[in-house]
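The hints should help you fit chain B onto chain A, whose structure is shown.
Residue numbers (the numbering used here), protein chains in the order written: chain A, 1 to 113; chain B, 1001 to 1116.
Simulated from the structure, these hints should not be mistaken for lab results. Treat the hints with caution; some may be incorrect.
Computed Cβ-Cβ distance ranges for the label pairs, DEER-style [said to hold, decoys possible]:
{"id": "1", "chain 1": "A", "residue 1": "78", "chain 2": "B", "residue 2": "1005", "range": "27 to 37 Å"}
{"id": "2", "chain 1": "A", "residue 1": "45", "chain 2": "B", "residue 2": "1007", "range": "28 to 38 Å"}
{"id": "3", "chain 1": "B", "residue 1": "1062", "chain 2": "A", "residue 2": "42", "range": "26 to 36 Å"}
{"id": "4", "chain 1": "A", "residue 1": "9", "chain 2": "B", "residue 2": "1009", "range": "22 to 32 Å"}
{"id": "5", "chain 1": "A", "residue 1": "9", "chain 2": "B", "residue 2": "1005", "range": "27 to 37 Å"}
{"id": "6", "chain 1": "B", "residue 1": "1103", "chain 2": "A", "residue 2": "29", "range": "15 to 25 Å"}
{"id": "7", "chain 1": "A", "residue 1": "108", "chain 2": "B", "residue 2": "1009", "range": "19 to 29 Å"}
{"id": "8", "chain 1": "B", "residue 1": "1100", "chain 2": "A", "residue 2": "46", "range": "14 to 24 Å"}
{"id": "9", "chain 1": "B", "residue 1": "1072", "chain 2": "A", "residue 2": "41", "range": "45 to 55 Å"}
{"id": "10", "chain 1": "B", "residue 1": "1009", "chain 2": "A", "residue 2": "46", "range": "16 to 26 Å"}
On a predicted model such as this, the values are computed, not experimentally measured, just so you know. We put the CB at the ideal spot given by N, CA and C, even for glycine.
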Amino acid sequence: GENVEQHPSTLSVQEGDSAVIKCTYSDSASNYFPWYKQELGKRPQLIIDIRSNVGEKKDQRIAVTLNKTAKHFSLHITETQPEDSAVYFCAASQGDSWGKLQFGAGTQVVVTP
Amino acid sequence: GAGVSQSPSNKVTEKGKDVELRCDPISGHTALYWYRQSLGQGLEFLIYFQGNSAPDKSGLPSDRFSAERTGGSVSTLTIQRTQQEDSAVYLCASSLLPGTTYYEQYFGPGTRLTVT
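So that you can see chain A by itself, here it is in the shape it has in the complex:
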């Protein structure tokens, strides 16, 4: 089955700096890669996603890049703010199943003022 690895497990950045989280996946049939943000004590929420026919997608201060050949994708947050502090999860679809997602273990991001 699909295996998703996420690095780093924790990331501390100064406010205004950039943060990068990287994920690798194993299933070459995966074609959907969402990122979820989970603030302390709250439910996960989708922040951005990318499909396999696209190499990069941007939404204001966040962007995601996908390298299908290397089977890795990354989340980039620019101009970080204290409210960006949260746990971020990457996920990859499992094969041709449109609903099943395999999640990474998460990255705890701490933005210090």
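What follows is chain B alone, placed relative to chain A:
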């Protein structure tokens, strides 16, 4: 509109007892998912209901775990003979029915299960 709701929010049970966790998806969402999140860990897929099709149970960790979805709406996750390693937050999510594209999964607040 109302989001995904789950009940109870917290459940403490003794080892060996059975528990039932409930999920009310967003109205109109025909796909429903259960995940387990252990402390400091990612989301572990458990089961996936997709419309009227047979559920994908491939993530259930043992035969003590089962789930059903009545009337294509409310779902119940049942854990029989609970063990301490079952302690975790159980998250439910729903989405529009995936067909030829993906739809965002909306998560509920979770049920924190503690087995003593």
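Open item on the list: Assuming the hint says 14 to 24 Å, is it satisfied by the Cβ distance from residue 1100 of chain B to residue 46 of chain A or not?
Closed with: The hinted range 14 to 24 Å holds for residue 1100 of chain B and residue 46 of chain A, with Cβ atoms some 19 Å apart.
Open item on the list: The hint says 45 to 55 Å between residue 1072 of chain B and residue 41 of chain A; measuring C-beta to C-beta, is that right?
Closed with: 31 Å, violated
Task: residue 1103 of chain B versus residue 29 of chain A beta-carbon gap, inside 15 to 25 Å or not - done: 19 Å, holds
- [ ] Starting from the range 22 to 32 Å, see whether the pair residue 9 of chain A and residue 1009 of chain B falls in it by beta-carbon distance.
- [x] Given about 27 Å between the Cβ atoms, the range holds.
Open item on the list: For the hint 27 to 37 Å, verify it against the beta carbon of residue 78 of chain A and that of residue 1005 of chain B.
Closed with: 35 Å, holds
Open item on the list: Range first: 19 to 29 Å. Now tell me if the beta carbons of residue 108 of chain A and residue 1009 of chain B are that far apart.
Closed with: 23 Å, holds
Open item on the list: Please check whether residue 1009 of chain B and residue 46 of chain A have a Cβ separation lying inside 16 to 26 Å.
Closed with: 22 Å, holds
Open item on the list: 28 to 38 Å was suggested as the range; check whether the CB atoms of residue 45 of chain A and residue 1007 of chain B agree with it.
Closed with: Violated: the Cβ-Cβ distance is about 20 Å, outside 28 to 38 Å.
Open item on the list: Given the hint of 26 to 36 Å, is the C-beta distance from residue 1062 of chain B to residue 42 of chain A inside that range or not?
Closed with: 29 Å, holds
- [ ] Starting from the range 27 to 37 Å, see whether the pair residue 9 of chain A and residue 1005 of chain B falls in it by beta-carbon distance.
- [x] About 31 Å separates the Cβ atoms of residue 9 of chain A and residue 1005 of chain B, which means 27 to 37 Å holds.
Figure legend: structure checked against the earlier numbered hints; hints not met, in rising order: 2, 9.
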